[in-house]
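K.L.:
Here's the letter readout for the chains.
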Amino acid sequence: MKSFENIDAKSVKEAVGLLSKFHQQKKLAAVVGGGSEFLQLMKDHVVEPDYVINLKTIPGLDYIREERGGFRIGALAKLADIEEHAAIRDKLLILAAAAGDAASPQIRNAGTIAGNLCQRPFCWYFRSSNFTCLRKGGQSCFTVTGDGRFHAILGAGPSYIVHPSDTAPALVALGAQIKIAGPAGEKNIPLEKFFLLPSVDYRRENILNPGEIVTEIFVPMPKAGSKGFHHKLRERQAWDHAIVAVDTIVESSGGVVRNAHVVMGGVAPIPWRATKAEEFLRGKKLDEASAKQAGELALEGAKPLKDNVYKIKLAQELIQRGLLASV
Amino acid sequence: MANSTTAKPSVLRVVGSSVTRVDGHAKVTGTADFSGDRLSDGQLVFGKTLRSPYASAEIVSIDTSKAQALPGVHAVITYRDAPEIPFEAGDDSEPTAPVAPVYLLNRFLRHAGDEVAAVAAESEAIAEEALELIQVGYRVLPFVLDENDALKPAAPSVRGGTNLAGAEPIDFSRGDIARGMKEAELVVERTYRTQSTSPLALEPRYAVASWQGDRLTVWKASRNVHGDRDKLARIFELPHDQVRVVAAYLGGGFGSKDETRLGHLTALLARKAGRPVRMGYTREEELGFGKWRHASTTTLRAGLKRDGSFTAIDTTSTLNTGPYAPGYGVASRLGHGLTYLYKCANARFVGKVAYTNAPVAGSYRGLGAPQAHFALESFADEIAEQLAIDPLEYRLRHCVGIDGQPGVRVTAEDELIPSQPIEGGVPFSSNLLTRCLEEGAKRIGWQPRPNGPRKRLVNGKFRGMGLAACIYKTGQSQSSSIVKIKADGSAELFMSIAEIGQGAWTVLRQIAAETLGVPFDKVHATFADTDKTPFAHSTSGSTTTFTSGLAVEQAAGDAKQRLLEAAAKILETDPDKVIWRDDFVAINDAPEIRIPLAHVMRRQPEQVIAGEAKLRAGSKSHIINSFAAHFAEVEVDPDSGAVCVLRYVAAHDSGRIVHPEAARGQIAGGVVQGIGYALMEEIPMDPDTGMPLTLNLDSFKIPNLIDTPPIEIILVEEPDPIGPYGAKALGEPPLVPVAAAIANAVNDATGVRIRELPITAEKVLNALRSLPI
Chain A
1 MKSFENIDAK
11 SVKEAVGLLS
21 KFHQQKKLAA
31 VVGGGSEFLQ
41 LMKDHVVEPD
51 YVINLKTIPG
61 LDYIREERGG
71 FRIGALAKLA
81 DIEEHAAIRD
91 KLLILAAAAG
101 DAASPQIRNA
111 GTIAGNLCQR
121 PFCWYFRSSN
131 FTCLRKGGQS
141 CFTVTGDGRF
151 HAILGAGPSY
161 IVHPSDTAPA
171 LVALGAQIKI
181 AGPAGEKNIP
191 LEKFFLLPSV
201 DYRRENILNP
211 GEIVTEIFVP
221 MPKAGSKGFH
231 HKLRERQAWD
241 HAIVAVDTIV
251 ESSGGVVRNA
261 HVVMGGVAPI
271 PWRATKAEEF
281 LRGKKLDEAS
291 AKQAGELALE
301 GAKPLKDNVY
311 KIKLAQELIQ
321 RGLLASV
Chain B
1001 MANSTTAKPS
1011 VLRVVGSSVT
1021 RVDGHAKVTG
1031 TADFSGDRLS
1041 DGQLVFGKTL
1051 RSPYASAEIV
1061 SIDTSKAQAL
1071 PGVHAVITYR
1081 DAPEIPFEAG
1091 DDSEPTAPVA
1101 PVYLLNRFLR
1111 HAGDEVAAVA
1121 AESEAIAEEA
1131 LELIQVGYRV
1141 LPFVLDENDA
1151 LKPAAPSVRG
1161 GTNLAGAEPI
1171 DFSRGDIARG
1181 MKEAELVVER
1191 TYRTQSTSPL
1201 ALEPRYAVAS
1211 WQGDRLTVWK
1221 ASRNVHGDRD
1231 KLARIFELPH
1241 DQVRVVAAYL
1251 GGGFGSKDET
1261 RLGHLTALLA
1271 RKAGRPVRMG
1281 YTREEELGFG
1291 KWRHASTTTL
1301 RAGLKRDGSF
1311 TAIDTTSTLN
1321 TGPYAPGYGV
1331 ASRLGHGLTY
1341 LYKCANARFV
1351 GKVAYTNAPV
1361 AGSYRGLGAP
1371 QAHFALESFA
1381 DEIAEQLAID
1391 PLEYRLRHCV
1401 GIDGQPGVRV
1411 TAEDELIPSQ
1421 PIEGGVPFSS
1431 NLLTRCLEEG
1441 AKRIGWQPRP
1451 NGPRKRLVNG
1461 KFRGMGLAAC
1471 IYKTGQSQSS
1481 SIVKIKADGS
1491 AELFMSIAEI
1501 GQGAWTVLRQ
1511 IAAETLGVPF
1521 DKVHATFADT
1531 DKTPFAHSTS
1541 GSTTTFTSGL
1551 AVEQAAGDAK
1561 QRLLEAAAKI
1571 LETDPDKVIW
1581 RDDFVAINDA
1591 PEIRIPLAHV
1601 MRRQPEQVIA
1611 GEAKLRAGSK
1621 SHIINSFAAH
1631 FAEVEVDPDS
1641 GAVCVLRYVA
1651 AHDSGRIVHP
1661 EAARGQIAGG
1671 VVQGIGYALM
1681 EEIPMDPDTG
1691 MPLTLNLDSF
1701 KIPNLIDTPP
1711 IEIILVEEPD
1721 PIGPYGAKAL
1731 GEPPLVPVAA
1741 AIANAVNDAT
1751 GVRIRELPIT
1761 AEKVLNALRS
1771 LPI
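Those sequence lines, one after another, are chains A and B.
With the numbering used here, the residue at position 313 of the first sequence is 313, and numbering never jumps.
Each position in the second sequence, counted from 1, maps to that position plus 1000 in the numbering used here.
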């Protein structure tokens, strides 16, 4: 690991100011929250910053507040706190479940919600110091001819990573907003627009510009008559990334869908919203046949690599299972 | 076998009880010295290794000047510094057919991660920085990763000769396969594959090397201090007594710990640096380059009668050994598993060890036996299903009994029977496999299923049960032991045995205490230091309790006898009338006449009484093998194919158990490793570069606590007539049958038969999808 200078930030403003300053000086600076992800990135030589700005020293950024319209979650709120929060378990169960599916209890006790959303890919080529892949400034994505069994089947190219966040698909399904602070002030955007496809920019996974940091997530209260589903398929039962994850929120009445959100994790470089399936479901009675068709629509256009064809069936069936569990 | 000089008492005081382990306190309080903990020498500098990014390449240029000029760098070594003495990457298996010689460092690199150069510097960080300053020009060469591809005519040559190590396959047999096939009423043939994996010991290995003039001392994670000493002496052309090797505590041995170039490279660096050097493996290096389990492809062809009995078993395995150190021993252990578990007059094993450009494979707990048992015990279930016989019933009827295999003894009458024989006509010293099967089946609640997989659905998930039997050698090795009795009534034991977490340092003391008749805490010991402890082979191969236990028993018996004889002289009586208690001796029928031990000792050289034993363990009349039967209950998610082990029962026949708690720990640990092997562990290589892809713990998956079921252990304990106090092997067997038991349970649950490890969700799901509903 390369040596670096640590700076304890006391406020969001200070952190943003430092980031902008170092950027202007052409120094590499990075922010750290829980640190569980960041430490590994440094040890793997993926990130080698000159300055590390510690956000944990900013007071009061780890709140979870219930308001009339929804929940406000500070960037530094820990995954374990979200997982165990009584009101979130009551009203946003899929978020609690997704947070609880991340990593291991030790990591959830350190890892923050913003850190979880800003994780770098866990692609074995990207993480290995033996490969300089496209995303690290190299010439190609090694999965194209290499071993891509855990990689993307949707929305990929020229990079085939899958987004590793467990909470992102749940939050996108819930219609969350993300608040970003930067040199020009604060902005709120739908979380869905936060993530970047590699065809737009294969060097980064989200829209954060130098000098910007995530400060808050807002999750609107689900509409009456909504029911959610979260499931993460993985090789072992803890401390593993999703092969396929599905998060759905279905608002229905008498078995007829008013509105459905269907989001997948583990299949694309971003949390993948199955808009065709969502449109198809609107006004439909949810039964075996319509759920199956929605699953098929969700995977329409999937372009698997040679080693990950199995993900298509897995995702279709998991969506079907999720939808049937949502009425 | 070795003759014991003392009669075995009918009631044991120390053997068979779970005394407090001698390494326990140091380990749980963090004071135990592991190989990387030797930092006290202020002169110490730190080594790091530069590794090849290519699976096959020639170094056409190498410039170390920038690295050497970096402040804090003490030495850089490349192939130009390597002694011109062939060195086959660590272990004892030397090539038997002409191949290009290899040295400690080489101009030709034969696997991704092969050692290119090493640096010693003031800190690991400086050493790492220096590695980046070494400029290497590579000529990239064609390579081959898969063992079956390597044996095709067009494959690139890995070692300059044929890729079949030894040029001829290993080929051993008993009876006549052709005749057996003719007698068959049906012939079944299947092929099974197993993957590369790493033992992933908790402690990454380290070595510390220090030169005092022409004398070399190496502290390392070693299971074989004398073997390491001999190899170091050979490479550095030193007399053996100029080299000292000391083993620290090992945080897990699992077979692979000392079989790399690490100790030798560290010594070479230290000589060039003129400073003691510490060098170790990172977790990535451990996973990628710490020696793997051989990937294998095994084809079984059986001739059978309608009742399921074998008329012939014809087996062929191809093993992926990487470019160095052909694993003939691994292949032959695979062959033993395949040809000896079921009664069969006609058996043959053909083992092809293939050189490839995959990282080096070596010893890993069980060697070829887990590969063999996955194939054979899956195969047995497939046969049982075809013949509509319950899998348990099939084993009870057809597994080998105490009388051994049919056939004619080949070993000469005055020679020791091999621990992994192929010949028939030799009985086992003990064989409680039937009891293991019966007691295990009872514990898990086995329901006969003669009609094949039941595909039961419980709460929306498939549920099934499977079993596998296991035969494994009790390793028969060479060891020696010195036991000294001191004036205060204590004793000291000297042996070259490593504590790899298995409990050897406790168990050997228990045997000494039992034989001497002293309390356990009166036995002190010095282990694994070539300057102090007598010769022993490697602490490996499930032989320490057996071979070294016999050596301790004999040496302790010898010491006690000498003491009694010396005391008898003073007491003017017969030795068998003398009793020894604490720090005095007395005459049996006049116990009030006591002589202090000190008085006896005064007349002895060095004022101690020493007993000694050197032996090669074994039997001229019997095969000494251990047995086990494992049972798994699994749940399979029909939507994802994911397998979850719900319950596990392991029943073992390892003779007398010396330390029950340690034995249970060995079994539980082996089962967990076996579950990882069965379900998730795998080290895929990038097909374009040959670089291993799962070099960290997020991608190389081993079972978590949550993946680990309750493990119920049954010790079917009956003393073996040959082992020390009746003990047989236990170290490796617990991992051996696990994958097959799980594969068979998955088959019962789903009807799916997975013939390639690991049994991932993907494979199960794909197979489920292709089944007729």
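Treat the hints as calculated values from the structure; they're not laboratory data.
Note that the Cβ used here is the ideal one computed from N, Cα and C, for glycine as well.
Treat the hints loosely; a few may be bogus.
One-sided and incomplete, this derived list gives chain B residues near chain A with beta-carbon spacing under 8 Å [as the list claims (entries may be wrong)]: (1) Ser-1017; (2) Ala-1100; (3) Phe-1236; (4) Asp-1707; (5) Ala-1767.
A few chain A residues that face chain B, going by a derived Cβ cut-off under 10 Å, partial list only [what the hints assert, rightly or not]: (6) Glu-5; (7) Ile-7; (8) Asn-130; (9) Lys-303; (10) Leu-305; (11) Lys-311; (12) Glu-317.
K.L.:
Against each hint, give a clear statement of whether it holds in the structure.
P.N.:
Here is how each hint holds up against the structure:
1. A cut of 8 Å between beta carbons decides the hint on B:Ser-1017: the least distance to chain A is about 37 Å, and the hint is violated.
2. Because the smallest distance between the Cβ of B:Ala-1100 and any Cβ of chain A comes to about 26 Å, over 8 Å, the interface hint for this residue is violated.
3. With a cut of 8 Å, the hint placing B:Phe-1236 at the interface with chain A is violated, because the nearest CB-to-CB distance is about 32 Å.
4. At a threshold of 8 Å, the smallest CB-CB gap from B:Asp-1707 to chain A is about 5 Å, leaving the interface hint in force.
5. Restraint check, B:Ala-1767 versus chain A: the minimum CB separation of about 11 Å is more than 8 Å; hint violated.
6. For A:Glu-5, the suggested interface contact is broken, since its CB lies about 16 Å from the closest CB of chain B, more than 10 Å.
7. Because the beta carbon of A:Ile-7 sits about 21 Å from the nearest beta carbon in chain B, more than 10 Å, this interface hint is broken.
8. Nearest Cβ of chain B to the Cβ of A:Asn-130: about 5 Å, under the 10 Å cut. The hint holds.
9. For A:Lys-303, the interface hint is violated, the least distance from its beta-carbon to any beta-carbon of chain B being 18 Å, above 10 Å.
10. The interface hint given for A:Leu-305 is broken, as the beta carbon of that residue sits about 12 Å from the closest beta carbon of chain B, more than 10 Å.
11. The interface hint given for A:Lys-311 holds, since its Cβ lies 9 Å from the closest Cβ of chain B, which is under the 10 Å cut-off.
12. Here the hint on A:Glu-317 is kept, as its CB sits about 5 Å from the closest CB of chain B, short of 10 Å.
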